[in-house]
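Peer 1: The residues making up each chain are set out below.
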Amino acid sequence: MANVWFLAAIWLGLALLATLLSIWFRVATALSEIVVGTVAQLIIGALVGGAMLGIREPWIVFLSGTGAIVLTFLAGAELDPIVFKARWKEATVIGLTAFTAPFLGCAAIASFVLHWTGSASWLAGVALSTTSVAVVYAVMLEFGLNKTDYGKVVLAACFINDLATVIALGLIFSPFTVRTLIFVAASIVIFMVLPWLTPRFFKKYGNRPSELEAKYLLLLLFGMGALALWAGSEAVLPAYIIGMVLAGTVGKDHILIRRLRTLTFGLLTPFYFIRTGSFVSVPALIAAPLIFLVLFFAKMISKIIGVYPITRTYKYPKGEAKYTTLLMSTGLTFGSISALFGLTHGVITQAQYSYLVAAVIVSAVIPTLIANARYLPHHLIKDQEMDAADLQTPIKEG
Amino acid sequence: MIKKMLVPYNGREQADAAFNFALDLAKVYGSELHVLSVIQLPEPPTEVETEAILESSTEYYEKLFRELRRKAGELGVKISTKVVNGHAEDQILHETEKGGFDVIVMGHQTRGGLGRWLLGSVTNRVVDHAPCTVIVVKKEHKKQG
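Chains as they are written, first to last, in my numbering: chain V, 1 to 398; chain F, 1 to 145.
Derived by calculation from the structure, the hints in this document are not laboratory data. Some hints could be false.
Stated by the list, open to error - Here are the simulated lysine-lysine pairs, BS3-like style, with alpha carbons at most 30 Å apart:
#  : chain 1 : residue 1 : chain 2 : residue 2
1  : V       : K322      : F       : K98
2  : F       : K4        : F       : K139
3  : F       : K3        : F       : K63
4  : V       : K147      : F       : K27
5  : V       : K315      : F       : K98
6  : F       : K98       : V       : K318
7  : V       : K147      : F       : K138
8  : F       : K27       : F       : K78
9  : F       : K139      : V       : K147
10 : V       : K315      : V       : K89
11 : V       : K203      : V       : K215
12 : V       : K252      : F       : K63
13 : F       : K139      : F       : K27
14 : V       : K215      : V       : K89
15 : F       : K3        : F       : K78
16 : F       : K138      : F       : K98
17 : F       : K63       : F       : K4
18 : V       : K318      : V       : K85
19 : F       : K4        : F       : K27
20 : F       : K4        : F       : K138
21 : V       : K89       : V       : K318
Keep in mind it's a predicted model, so treat the numbers as computed, not measured.
Work out the full structure, taking the sequences as your base and the hints as a guide.
Peer 2: In structure tokens:
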């Protein structure tokens with residue numbers, strides 16, 4: 001037992017360090033945790049051996065996996081179902097285009113330029129096809145576009161983009177058998193019943209110190225995750241869809257969501273992101289730095305080809321269209337989940353995993369830096385010239 | 001004549017000093033005070049964490065605003081508050097344009113870490129680009145009323 005607590009102390013120490021770094025440098029906690037995981041594995045591995053961090057210990061794998069599942073569920077629960085129902089057709093077209101262009105483009109580059117195997121190339125396509133709802137949401141809110149038709153459609157499209165990513169991840173590498181059909185059929189029934197059952201169940205038995213809601217949701221996520229694994233799929237697929245179907249009920253319960261966030265950020269996701277970072281091989285990156293740059297540019301260029309024309313179709317000013325396109329090229333959470341899936345299922349090698357995670361991290365940072373550096377001064381000086389600027393949305397006004 | 005003043009407010013000592021200075025001015029000129037707080041998200045914003053930061057920061061500022069309203073109320077100064085998300089200087093300048101403010105009263109606000117190195121001081125950029133007078137208050141100015 002002493003070893004377990006010692007390991008737990010090391011991991012929580014790293015989590016605390018990552019959090020402090022994220023505060024000092026104002027970067028996302030997830031990004032900080034991945035980098036800390038990579039550096040810690042490198043240093044600890046060199047000093048006392050790679051096994052010291054215990055990244056394959058079952059309890060660490062469990063906490064890390066639970067972190068990915070609950071985080072994915074919470075991400076799905078952020079969907080605004082009213083907006084989505086109103087504009088789902090346009091959002092689906094944009095979201096699927098924003099997924100398909102980088103998915104096919106990056107898979108093609110991985111296969112024909114980097115000469116990766118077929119499965120590894122498809123995995124690269126999935127990992128680099130993601131977008132970040134959070135980045136786009138933050139920008140929409142900043143410019144007050146979240147209340148416009150344009151903003152609502154693009155935000156909903158981001159959810160479709162990520163949904164397509166998790167479906168691709170869950171099904172492309174799954175052997176299509178009777179189990180797959182059972183999983184899909186059972187999922188459809190459960191996803192239809194949940195929005196009806198859950199609020200009624202919570203109303204009757206919830207709001208007690210025994211945290212029935214958390215147990216119910218974890219049971220659902222673990223149960224559906226088990227079914228997905230049994231069918232050869234991936235647990236984050238049902239988790240994201242459960243989040244989306246419960247967005248209108250559980251997602252609106254801010255107190256419950258907060259309690260889940262505390263559990264997630266306080267314990268689970270540090271294990272997930274630090275573990276994600278610990279698998280990155282720095283020597284592999286140093287040996288062939290061009291590979292991750294090729295993947296990064298493949299993602300950027302294919303996203304631009306997919307997203308920019310759509311934003312212009314909506315007759316949006318060129319600068320704003322470029323800004324949105326750059327910000328839709330990010331995608332840390334689902335990109336890292338996809339890459340880790342590939343590594344743990346033997347689809348990609350550790351070196352390929354390292355290139356993918358590096359490309360995902362760079363694609364999470366560089367586009368926002370370029371967008372802010374290139375376009376922000378225009379907003380500072382010429383803000384008054386933009387019609388959209390009049391729509392700035394206060395989060396709270398008194 | 002100063003009719004409308006904008007006070008960017010981040011809850012720090014410098015911002016408190018600026019608010020107190022603005023209160024002094026508002027009392028003398030009978031001006032309205034508009035307090036603006038900007039939530040600056042970490043880069044890059046990530047799923048779930050973004051919403052959590054927006055919620056907790058809004059609550060944090062709301063708690064601080066209660067005290068600011070109390071202080072203004074005691075002096076009979078009209079006050080309004082607003083929380084927005086984005087880059088601090090961008091939102092301050094945008095609010096100034098939109099609200100037609102006569103003066104911006106702000107503390108010497110800086111960014112932390114990489115942000116300061118890359119983009120410089122928030123105050124400097126506001127002073128450079130603001131369409132109105134900007135008063136930068138030293139944090140030593142604490143006297144109120």
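Peer 1: Now tell me, hint by hint, if it's right for this structure.
Peer 2: Evaluation of the provided hints:
The hinted pair formed by K322 of chain V and K98 of chain F meets the criterion: a straight-line CA distance of about 25 Å does not exceed 30 Å. Restraint check for K4 of chain F and K139 of chain F: satisfied, since their Cα atoms lie roughly 22 Å apart, inside the 30 Å limit. A distance of roughly 26 Å separates the Cα atoms of K3 of chain F and K63 of chain F; the hinted pair therefore holds under the 30 Å criterion. The straight-line distance between the Cα atoms of K147 of chain V and K27 of chain F is roughly 37 Å, outside the 30 Å bound, and the hint therefore fails.
The suggested pairing of K315 of chain V with K98 of chain F holds, with an alpha-carbon distance near 24 Å, which does not exceed 30 Å. At roughly 23 Å between alpha-carbon atoms, K98 of chain F and K318 of chain V fall within 30 Å of each other, so this suggested pair holds. Distance restraint check for K147 of chain V and K138 of chain F: the Cα-Cα separation of roughly 38 Å exceeds the 30 Å cut-off, and the hinted pair is therefore not satisfied. Simply put, K27 of chain F and K78 of chain F have alpha-carbon atoms about 10 Å apart, close enough for the 30 Å limit, and the pair holds.
Among the hinted pairs, K139 of chain F with K147 of chain V is inconsistent with the structure: their alpha-carbon atoms are about 38 Å apart, more than 30 Å. Using a Cα cut-off of 30 Å, the hinted pair K315 of chain V and K89 of chain V holds, with the two alpha carbons roughly 18 Å apart. Taking the CA atoms of K203 of chain V and K215 of chain V, the gap is about 15 Å. The hint holds against a cut of 30 Å. As the CA atoms of K252 of chain V and K63 of chain F are separated by approximately 23 Å, the hinted pair is consistent with the 30 Å bound.
Restraint check: the Cα-Cα separation between K139 of chain F and K27 of chain F comes to about 20 Å, which is no more than 30 Å; the hinted pair holds. Annotation: proposed proximity of K215 of chain V to K89 of chain V is violated, straight-line Cα distance about 35 Å (limit 30 Å). Proximity of K3 of chain F to K78 of chain F is assessed by CA-CA distance (about 11 Å); at most 30 Å being required, the pair is judged to hold. Pair hint K138 of chain F plus K98 of chain F holds up; C-alpha atoms about 27 Å apart against a cutoff of 30 Å.
Using a Cα cut-off of 30 Å, the hinted pair K63 of chain F and K4 of chain F holds, with the two alpha carbons roughly 24 Å apart. Distance hint between K318 of chain V and K85 of chain V is fulfilled; the C-alpha atoms sit about 28 Å from each other, no more than 30 Å. Between K4 of chain F and K27 of chain F the alpha-carbon distance is near 12 Å, which keeps this suggested pair within the 30 Å criterion. Among the hinted pairs, K4 of chain F with K138 of chain F is consistent with the structure: their alpha-carbon atoms are about 21 Å apart, no more than 30 Å.
Proposed proximity of K89 of chain V and K318 of chain V is supported: the alpha carbons are some 24 Å apart, at most 30 Å.
Comparing the model with each earlier hint shows violations of hints 4, 7, 9, 14; every other hint is respected.
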